[in-house]
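Visitor: Listed below are the residues making up each chain.
4 protein chains.
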Amino acid sequence: MASNALNRYCQIMQDIEELVNDHILQSRNEQGSISKLKLLVPSVGLFFTPLPLQDAFRYQDAQRRISSRRFVAPSFNDIRLVLNTAQVMSLVRNSRLELVTFDGDVTLYDDGEVLKPEDPCIERIITMMRIGTRIGLVTAAGYTEAKEYHRRFAGLLDAIAASDHSHKLEHKLVVMGGESNFMFTYTPTAPYKLEQVPDADWRLPEMETWTHENVNALLDVAEQALRDCIKTLAIPVSVLRKSHAVGIYPEKGTRLSREILEETVLNVRQLISASLAGQRIPFCAFNGGNDVFVDIGDKSYGVMACQRYFGGIEAAKTLHVGDQFLSAGANDFKARLACCTAWIASPKETVQLLDEVVELGGHTP
Amino acid sequence: MASNALNRYCQIMQDIEELVNDHILQSRNEQGSISKLKLLVPSVGLFFTPLPLQDAFRYQDAQRRISSRRFVAPSFNDIRLVLNTAQVMSLVRNSRLELVTFDGDVTLYDDGEVLKPEDPCIERIITMMRIGTRIGLVTAAGYTEAKEYHRRFAGLLDAIAASDHSHKLEHKLVVMGGESNFMFTYTPTAPYKLEQVPDADWRLPEMETWTHENVNALLDVAEQALRDCIKTLAIPVSVLRKSHAVGIYPEKGTRLSREILEETVLNVRQLISASLAGQRIPFCAFNGGNDVFVDIGDKSYGVMACQRYFGGIEAAKTLHVGDQFLSAGANDFKARLACCTAWIASPKETVQLLDEVVELGGHTP
Amino acid sequence: MASNALNRYCQIMQDIEELVNDHILQSRNEQGSISKLKLLVPSVGLFFTPLPLQDAFRYQDAQRRISSRRFVAPSFNDIRLVLNTAQVMSLVRNSRLELVTFDGDVTLYDDGEVLKPEDPCIERIITMMRIGTRIGLVTAAGYTEAKEYHRRFAGLLDAIAASDHSHKLEHKLVVMGGESNFMFTYTPTAPYKLEQVPDADWRLPEMETWTHENVNALLDVAEQALRDCIKTLAIPVSVLRKSHAVGIYPEKGTRLSREILEETVLNVRQLISASLAGQRIPFCAFNGGNDVFVDIGDKSYGVMACQRYFGGIEAAKTLHVGDQFLSAGANDFKARLACCTAWIASPKETVQLLDEVVELGGHTP
Amino acid sequence: MASNALNRYCQIMQDIEELVNDHILQSRNEQGSISKLKLLVPSVGLFFTPLPLQDAFRYQDAQRRISSRRFVAPSFNDIRLVLNTAQVMSLVRNSRLELVTFDGDVTLYDDGEVLKPEDPCIERIITMMRIGTRIGLVTAAGYTEAKEYHRRFAGLLDAIAASDHSHKLEHKLVVMGGESNFMFTYTPTAPYKLEQVPDADWRLPEMETWTHENVNALLDVAEQALRDCIKTLAIPVSVLRKSHAVGIYPEKGTRLSREILEETVLNVRQLISASLAGQRIPFCAFNGGNDVFVDIGDKSYGVMACQRYFGGIEAAKTLHVGDQFLSAGANDFKARLACCTAWIASPKETVQLLDEVVELGGHTP
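Chains as they are written, first to last, in numbering that gives the first Met the number 0: chain A, 0 to 364; chain U, 0 to 364; chain L, 0 to 364; chain P, 0 to 364.
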């Protein structure tokens with residue numbers, strides 16, 4: 000019975016695989032004809048690569064026993080992991096995976112923590128770097144100084160330095176702070192092992208309009224919107240205004256409810272969108288787990304800036320790994336516009352995903 | 000606008016309040032007529048008390064700002080907390096709350112942890128005991144010796160002893176282990192501060208059939224069912240057979256997926272239900288977070304045994320606090336048959352609930 | 000692509016076929032184990048025969064082009080007709096179809112009409128009678144005199160008489176009036192070609208309790224409930240009390256809304272169910288399209304009485320054809336308890352169904 | 000209880016009324032801010048008038064007893080009729096209703112029939128004309144000759160002529176054929192009482208591109224698409240090519256299934272949309288009940304042409320009455336872009352609606 004079920008699941012996966020292939024074909028087509036997938040799911044976006052869903056299903060089924068279960072139907076998590084595996088398979092089979100970018104909190108380390116020397120993702124990242132994959136740490140955390148980024152990523156930065164005496168990995172990893180606002184490159188000899196990258200080397204043409212005036216005008220609107228929310232919803236938080244971001248955060252020990260965080264994100268987003276300032280430059284309002292921030296730009300710009308810095312890596316050879324794809328104000332979702340993505344739910348899942356990258360790519364760890 | 004929204008929410012709450020009142024009335028009625036609520040929700044059960052939902056909504060709205068939100072609709076958690084508050088209000092207003100029973104993991108302490116001396120629920124529980132409320136710790140953990148229960152509840156047991164020099168609280172708290180199989184009473188002078196209660200003082204007439212033979216026959220079926228699941232689903236676990244329970248658990252460090260845990264619960268439950276042994280005595284198969292166990296009886300019997308021990312406390316004067324009410328194999332759900340319940344999602348919420356009990360009951364903490 | 004789609008549909012049909020077979024097996028099983036179908040659809044009832052759904056799908060697909068469509072998914076009507084065909088296939092292949100019972104309005108003739116000599120179902124029914132199938136006309140219309148039934152079914156009764164000079168078809172067709180209250184048998188020599196059947200020849204043991212007192216007590220409750228509805232809902236109707244039924248109907252030309260008809264059915268049904276009179280004998284309250292009636296018994300009794308009259312025909316060799324299976328107060332639905340059923344939507348569909356019976360049974364029309 | 004229910008319903012209606020008012024306000028606003036209604040229902044369109052839903056609910060409740068029902072919830076039809084009444088109330092209260100346009104089949108007469116002298120809508124339409132309301136008969140039927148339109152509408156045209164000896168109603172009614180392709184005006188002295196209107200008097204500037212070449216190119220694509228469907232779906236129909244339309248229809252007596260009709264509409268629509276010809280001029284592919292036709296333009300153009308002919312009547316003073324608003328290929332739905340609409344389900348409902356227009360407008364019939 001289980002093998003019968005496996006066959007049916009595989010047929011379904013194959014059907015969807017073909018729908019995705021047809022959709023990729025139609026979207027390259029100039030004629031504007033609509034794919035079958037688009038008819039079924041009008042909001043569907045672009046796919047940068049095919050997805051070998053049947054193979055991926057077999058791979059995850061061996062671990063999660065989806066087809067052997069009689070009572071528990073394939074769950075959201077089963078499907079999410081099959082999609083991640085399919086994306087990894089496609090990237091390592093059809094093209095070289097040239098760039099992997101990571102979100103920080105929940106993706107590399109637990110929410111509010113930092114990368115510690117013993118964290119198991121570190122050796123996987125170094126392994127990938129050795130076989131030529133570039134790394135981007137694309138985080139919402141926005142600082143102008145290397146020190147703050149080192150505080151979060153010390154575990155990784157120090158481990159690279161310790162393992163790379165010949166400096167072959169220099170400039171092969173960047174930190175992109177504030178979604179898309181500050182870039183630092185790994186340099187073993189620099190203080191904190193990070194050196195700021197000159198604007199000319201990473202900023203995109205579309206960032207020309209992000210002038211001091213436009214940025215400030217947008218942050219003014221955002222700050223006012225946040226203050227209005229604080230009042231209406233009686234939220235016990237402080238406001239933090241930075242050069243390229245503004246946000247609210249509670250005292251240590253206070254937890255804001257998911258409902259209040261999402262209400263604030265949606266409110267602020269609507270008010271900024273309806274303002275003139277919000278129509279001049281892109282922004283993202285996001286739920287940071289226990290805070291709400293408005294950043295200039297978003298992770299699609301952050302990833303594209305990494306692609307540019309590393310010499311013009313294509314979307315179809317880039318993978319962004321993150322945990323924020325669903326809720327109101329999920330900031331990793333925007334990366335979907337710039338590259339392939341993997342949606343993980345914990346740092347442990349990130350480690351498993353990196354193991355798949357190495358295993359399916361035929362590398363020895 | 001917010002006050003307009005609050006009024007509409009309150010009207011809805013009042014409507015449901017009246018539906019519940021009508022349902023209580025009809026269910027006391029001999030004539031077998033069906034309440035409006037039963038027509039709307041055919042699976043609805045019994046309510047032991049009215050629920051002042053309108054007042055409870057106002058109380059939670061002041062904290063969660065439900066009616067001030069424009070984008071985020073009332074969520075599952077909003078409603079769950081309104082229902083908890085309504086239940087507490089009803090219990091402390093209309094009758095004396097004579098017995099509170101608690102689940103252990105996730106309810107009193109984090110999953111897999113123990114009660115520590117500094118845990119904030121401890122002082123609340125002692126406060127309630129001082130004003131005459133009896134306490135039951137109704138846990139799935141099943142041991143025959145006091146030592147093991149003390150290991151989990153030491154923080155509370157020692158704190159009671161330290162604060163109660165005159166021994167007024169002796170025998171005012173019991174531990175009910177294995178859902179409904181072992182009872183120990185708080186005795187400051189006993190080793191581990193717990194003394195086993197003689198069967199005659201707590202066992203229910205309906206437990207007469209729980210003979211050694213019937214229990215073993217059921218556990219044999221359960222064990223075989225668990226072993227079949229292990230094989231079919233290739234689950235990396237060991238089997239543990241006890242006197243009144245049998246279960247599976249993985250090595251430390253291994254996490255079983257929710258899907259596998261639920262599949263096992265549902266499989267095992269169906270196989271036992273279809274067996275002769277499973278029709279002779281009650282059992283519960285439950286998902287313990289990272290293990291699956293089958294216990295004899297369930298928490299409805301556990302709570303009823305506590306009610307009996309304390310001299311026959313009524314369902315309408317008993318509150319069970321737990322976190323397992325929803326998923327396949329949620330063992331707190333069964334308590335609903337024996338008493339009022341509060342569904343909490345974390346030890347922190349248990350503390351808030353106890354604060355409501357004290358505050359709404361007009362006591363000073 | 001269409002042949003690929005056809006294969007997938009057929010696989011699904013085969014899966015459901017197997018679920019039904021397993022359900023039939025489990026329901027014959029003494030052990031009380033639950034079928035997979037019951038787990039998926041807890042309210043599922045009994046199947047008297049297997050259903051060759053795959054073959055039936057191919058048959059209907061040739062006519063309705065389900066698998067060739069790209070935009071319009073299989074509809075409720077597609078599925079209903081596949082199920083009808085599967086039921087017919089099963090009946091004519093696996094056993095002799097010994098009895099076919101028909102509803103009147105919408106099934107044999109348009110709502111409110113009568114059977115006319117030229118109606119195309121007539122020759123089909125006579126063909127079936129010639130090959131030995133018994134016929135029952137199981138109608139809600141309830142009269143004590145043959146004349147009234149002849150008024151409705153004259154087209155058929157006269158055509159049988161005209162074609163059957165040797166009187167071979169005598170007593171091979173019955174009319175069951177008032178759902179399950181009056182039986183007349185086809186007799187070419189009787190006035191109106193119908194002769195009342197003595198109670199002893201058709202009444203079921205379970206009808207013993209349908210005494211004059213019990214019937215009247217129930218109709219009293221029903222009449223009062225109807226009068227209450229008329230008042231509350233201001234329905235412009237008259238009340239009609241008969242010996243075995245009571246109902247309401249509007250003046251000619253007035254149409255009652257579906258909502259008012261269903262509200263009345265549900266109201267009346269609940270009030271009767273909650274009464275003592277309603278617990279003594281079975282009844283059915285139904286929406287007659289533009290009237291609401293309460294009858295004693297229901298069509299399950301009506302069909303069983305036909306089965307009895309014709310010498311004890313089994314459920315698995317009986318087919319009831321009707322149009323009322325879905326809405327509140329759908330009276331054909333009850334026949335499902337006594338035999339196989341086909342759900343048609345118009346007299347035209349009844350004709351098609353009878354053509355399938357003849358064609359698939361290998362008979363020449 | 001009923002009056003309590005009525006109050007709750009009225010509050011809900013008032014809430015929606017306010018949402019519509021806010022939406023009208025926001026859509027007149029230049030700033031591009033989004034209304035609350037748009038947030039709730041992103042696909043919502045424009046409203047030309049406010050909708051007094053509360054008053055309309057009370058009006059329909061008196062007839063349909065919505066708030067007195069306990070079992071049957073407000074249905075789709077209840078809501079549809081409340082919306083129609085609200086639209087009529089708004090039109091007759093806030094502004095003069097200057098133009099009423101009607102679909103033909105199902106709206107003025109039963110499907111496939113013609114207007115007969117005794118049809119009750121006729122006197123209502125004449126009453127409205129007498130108080131100054133202009134009438135448009137906007138039908139999919141497309142002919143170049145007056146005779147054919149007279150065949151359908153003779154009942155009305157002859158009745159107007161008979162009642163209007165002073166010729167005051169001349170040119171106060173037009174027939175718009177083929178959705179938006181041919182206009183004839185009521186002229187008592189003309190043959191068939193209809194006179195073709197010169198293009199200059201009714202054609203819209205946006206119809207400039209509807210050249211002979213563009214029309215033919217589109218109809219060529221449409222004809223090919225229809226022929227492909229006939230083959231793929233094996234539909235037993237003939238193709239009819241006219242000057243401004245092309246379609247398929249079965250022999251008399253053959254009924255096409257809804258599924259086949261909709262599949263054809265959706266297929267043809269997609270193929271035309273993806274063609275160059277389909278991007279040059281507007282078209283509509285619609286399900287005519289038992290045929291499928293592709294017309295040039297659609298009813299929004301048809302209604303706008305009527306508005307133009309009568310001297311530039313505004314959207315907010317025009318009401319289109321039709322029955323095709325829901326299914327794939329519902330051609331009245333497009334009128335929503337040009338004016339207010341009422342969605343009726345039968346000619347009988349059209350008569351009731353016209354009675355409301357007269358009654359609520361304070362006129363005596």
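Calculated from the structure, these hints are not laboratory results. Accuracy of the hints is not assured; some may be wrong.
If several chains are the same, the list does not tell them apart, and a pair holds so long as it fits within one copy or across any two.
Derived DSS-like pairs (lysine-lysine); straight-line CA-CA distance at most 30 Å [said to hold, decoys possible]:
#1 Lys-146 - Lys-167
#2 Lys-230 - Lys-347
#3 Lys-251 - Lys-230
#4 Lys-347 - Lys-115
#5 Lys-230 - Lys-35
#6 Lys-230 - Lys-37
#7 Lys-241 - Lys-347
#8 Lys-115 - Lys-251
Fair warning: this is a prediction, and the values are worked out from it, not measured in the lab.
Visitor: Give me the numbers of the hints this structure contradicts, sorted from smallest to largest.
Guide: 7
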